[in-house]
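> If you're matching them up, the sequences are chains A and B in order. Those letters in the first sequence? Residues 109 to 588, per the working numbering, in order. Those letters in the second sequence? Residues 109 to 588, per the working numbering, in order.
Keep in mind the hints are simulated off the structure, nothing from the lab. Bear in mind that the values here come from a model prediction, so they are computed numbers and not experimental data. Heads up, the beta-carbon is just placed ideally off N, CA and C, and yes, glycines get one too. Keep in mind that the hints are not guaranteed to be accurate.
[Stated by the list, open to error] Only part of the chain A face toward chain B is listed, based on derived beta-carbon distances under 10 Å:
1. Ala186
2. Thr189
3. His229
4. Val231
5. Ser331
6. Leu358
7. Gly554
What follows is the residue order along each chain.
Number of protein chains: 2
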Amino acid sequence: MIVRRRQTLILPFLMSVMFIHPAPALNSISATRAAFNTTVKRAADVAEEVAAYADVAKQIIELAVSGAAHNRSYRRLADFTDTIGNRVSGSSNLDRAIKYMYNAMYQDGLDVHLEPVKIPHWVRGKESAEMIAPRAKSLSILGLGSSVGTPPEGIKAEVLVVQSFEELKHRASEAAGRIVVFNQPFVSYGETVSYRAFGASKAAEVGAVATLIRSITPFSINSPHTGQQDYQEGVKRIPTACITVEDAELMWRLAQRGQKIVVRLTMEAKTLPDADSFNTVSEIRGWQYPEQVVLLSGHLDSWDVGQGAMDDGGGAIISWEALSLIKDLGLRPRRTLRAVLWTAEEQGGVGAQQYFNLHKVNISNFDLVMESDLGTFTPVALQFTGSDAARKVMEGVVKLLAPINMTKLEPNGEGTDIGPWLEAGVPGASLHVADSRYFWFHHTEGDTMAVQDPRDMDLCSALWAVVAYVVADLQDMLPR
Amino acid sequence: MIVRRRQTLILPFLMSVMFIHPAPALNSISATRAAFNTTVKRAADVAEEVAAYADVAKQIIELAVSGAAHNRSYRRLADFTDTIGNRVSGSSNLDRAIKYMYNAMYQDGLDVHLEPVKIPHWVRGKESAEMIAPRAKSLSILGLGSSVGTPPEGIKAEVLVVQSFEELKHRASEAAGRIVVFNQPFVSYGETVSYRAFGASKAAEVGAVATLIRSITPFSINSPHTGQQDYQEGVKRIPTACITVEDAELMWRLAQRGQKIVVRLTMEAKTLPDADSFNTVSEIRGWQYPEQVVLLSGHLDSWDVGQGAMDDGGGAIISWEALSLIKDLGLRPRRTLRAVLWTAEEQGGVGAQQYFNLHKVNISNFDLVMESDLGTFTPVALQFTGSDAARKVMEGVVKLLAPINMTKLEPNGEGTDIGPWLEAGVPGASLHVADSRYFWFHHTEGDTMAVQDPRDMDLCSALWAVVAYVVADLQDMLPR
C-alpha cells in the first residue's frame, strides 16, 4: 500500500465543497479529518458520503443536459470529425487529430500534454475484388489491418467456401491454391471476430493463397467492415480482406449448387516502419491528492474508413467533455481527473499498452480507470470491475444518476485500453449504451455523425462526469 | 359491357371443382347455370360462393407454406438473381433475365410468350465525386437514371447546400455556377422523391451546373441510392447524382459553419438509342372464359446496382409461383390467370404502359390487375382499389387467408405498372408487406437475397395464389 501524502486543506475550495455537501460527515472539518484517519471505513459511512453528492451530481447533469453545455459534446464531435475525418494509426490525419485535440483542450483551459508512442503504420492502398465465374460481379471489400498485399496483377484463384474453421479442417485437402471464403454466421462480435483475426493464418496453414471473410456484423447494406487481423507466427502471410455478408452468402449459395467460383483479388496493402505518435492527456489536478488519478478515456485513432465518429470519437469527446463540465462548475476534486485519448487502439491498444508500461510504477495511485469504446448512444448502465467493497461504493455512485434514470451498475467493466490496469487489479469502469446497432456501423464507411444523437451524448457526458468526479473526490480511494 | 362467351362445361374438371366446393350453390349443375344468368347477384350469394373456396384456399396455402412448394419461391428468386444479377433497362443482363424466366416458366409447364417493347437505354459508365475543400473526402455517389454526364475532366465547383426547394428559391442568386447539394430531410418516399425526380431541373433553372441529392431513405450505412430523374422540358440538362445521407449532412454542417465547400463530380452517364425488350407473359388459360383475365405482376428489370432481389425480383417470382401452385394442385379457374413480368418499370413503367396501350381494347375482359412491387416480406394486407360492390367480394376473398392470419383488406391497391388499368376503372390489388426497411435497401447495392426470407415469400406466394385463383374462378367478374 502506498502512503498517501496529505495536502493542506484549501479553505475557499472546502467552503464550496461544504456548500454542496450538506451531509453529516462534513459538518465539521475535525470530523472530516477524523474520518480520513480511519483505515477501514464502515460501508454505511461511505454510502452516506457518496449520497451527499446528490446536489453536485444534479448540477453536473443539469449543465450537460439542459444548461450551457447542452449539445456541446455532439457539436465538439461534429466539428472534430468534420474537420479531421478518419485517422488511422500512422496517418497524417491522426497527427492532425492529435494537434486538434491538444489545441481544443488547451483552449478549454485544461492542463494538456502529449506522451510519445511508437505506433504501427499499415497502409491500405488501392484494393478490389471481382468474381469472374460463374458470372462477373464486383465485390465490395475492405482489406484487413496488417494484411500483406497481392502481386500487382492480383491473385486469381478458384474459391473454397466454408462456414467454419471446423469445416475448413474437414476440407483441408480442397484448400491448396484456393481463395478461402469464410461465410461464418454472426453469433456475437466477441465470438465471431476470431474469423477476421485468424482466418488468414488458418487458411494459409492448409495451403490457401488468400482469404475473403464475411464481415463481422449482424446487419449489412452491402457494407464491408475492416479491422485488425493477426498473422500467426511461422505461418505464411497471405492477403486477407472482408467481403460483405451479401457476397459471402452469394458465393456460399453458388458453391452449394456445385458451381465453380473464381475470384480475382488485388490489394496494394503494406506495412511501413513504425510511426511517431502520442497519447493526448488533459487533466484537472486534484487539490488534495494530485498524484492519485481517476482516468477517463477513449481512443482518438480510428480505421481509415468512415469518420470514426462512433469508434471512438464519441468516447474521446465525452472524456474531454466530462472534464469541461467539472471545470465549468468551478469544481476541483481531491484527486486528479485525467482524460487520456489513446493512440493506435485499433492495432491492439498500442498507445494504451505503452502508457501502462510507463505508468504502472505508480499503479497504486490509480483509483479508477474508465473507458468508453462501445458507442455514446443512450446510456444503459455503468459496467464495473473491482472488489465487492468497491462495488458497494460504485452502487452508491450510480444512484446519483437518478435524474437521468441511469442508476444501474453491471459487472464486467472492460475495454482494450484499460485492460492492462484491470488485469493488474485496478478498478475499472466502462459505459454500457443501447448499442444494438453498434456493429452495423463498426469499422465501416457508415461510422459517421449520422449515428450520433446530441441528447444521448449529453447523457453520456453527464454520466461520465458524475462518476469520475465523485470517485475522485471521495475521501478514500476505491478499495481494491 | 362485353357479352361473355359461355364455354361447354368440362365434366371431369367440374367434378373436381364440385369436390372442393361442397357449397349449396354448386349442389347441382342446373342451379349453377341459373345463377350464371342472374345479372345482378345478391351480395349474400357472392359471399357464400367465395366462402365455399375455404378448402381450396387451404390446399394452396398448405402447398406453399408446408408442402412440396415450401421455400420454392425463395429458391427460385435466389437462383434467378444469383445467376443473372441486376438487370437495368437496355442491358444484356435484362435480356438474359427475360430468357431465363421464359425458359423457367416454360419448363414449369406454363403457357409462355414474350411481347415486344421498346425501352430506354441509359448507361451509367464510370462516376465519382470528391470533396476537395475544406478537406479531401471521396463521396459515394450513384448517378440518377437519364442523367447526362459531365465533361471527361469532370465539373469542379463550389457547393450551395439547401434543405428544400423553398430554400433554393430564396437563395437563387447564390446558385449560378454552383453544384447544388440538396440535404432535404426524409419525410416519406412518396413526398421526398420529388427531390430526386426534379432536383436537377430546379437547380438548373437558377443556374446550377450540377446537383448532388441526398439519397431518398430514412436510414443509411453510407449507402447511395439511385433511381430515375426527370428533366423538365426547356430546362438545361445538368448532371445529377445521389449522395449519401451522411455526406449531405456533412456538407450541410460545413456550410452552416460558413466553410467554403468545393466538389469535383465526374460522370460518364449517357443515353443510347432505345433498346428492344419484352414483357414476359405466362398463363393458365381459363376453362370457361379464357378471354377474361386476372393479371398478376411484378417487374423483371431492376437498377444496375445490387441484385434486384427485393425490387422487384420478389414480386416477379411470386407472380410466377402463384401460377405454379395452382397448376401443381391440378386447378384451372374459369378465367385466365396471367403472370406478366414487366420490363423497364424503373424508367417509368415503360413495359406496362405499352402493354396497356396494346391490350386496353379488351379492357372489359380484365377482371382484376395485381402488382407486387413493395417487397415480399411478411404480408400484412391486400390493398384493393375498386367499387364498393367489388370491395365486398374481396373482403370475403381475404377471409380465405385465415390459415395464415392475413385477412385484412385495405384501400388503395396501386402500383406503377397497374396504374393505367386502375385509372381506366379496372379493379386492382397490391401486396402490403411489413416493409419498414424497404427503403433502406431500395435502389442500392444492398438490394440482395440477404433481405429476403423464405417463410415470408411462401406466405406472399400463398396469398397471391389464393386471391388470384378465387377471383378468376368466381362465376362473375368483379363488379366495376
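> Min Cβ distance, A/Ser331 to chain B: is it shorter than 10 Å?
With Cβ-Cβ at 5 Å, under 10 Å, it holds.
> Can we keep the A/His229 interface hint, with Cβ of chain B closer than 10 Å?
With a closest approach of 20 Å, the A/His229 hint is violated.
> Let's test the interface hint: is any C-beta of chain B closer than 10 Å to that of A/Gly554?
3 Å, holds
> Close enough to count: is the Cβ of A/Val231 nearer than 10 Å to one in chain B?
16 Å, violated
> May I ask you to test the interface hint for A/Ala186 with respect to chain B, counting a Cβ-Cβ separation under 10 Å as satisfied?
This interface hint holds because 6 Å falls under the 10 Å limit.
> Please verify that hint: A/Thr189, Cβ, nearest Cβ of chain B, below 10 Å or not.
9 Å, holds
> Is the hint on A/Leu358 kept, meaning its closest Cβ partner in chain B is under 10 Å away?
6 Å, holds
Checked against the numbered hints above, the structure violates hints 3, 4; every other hint is satisfied.
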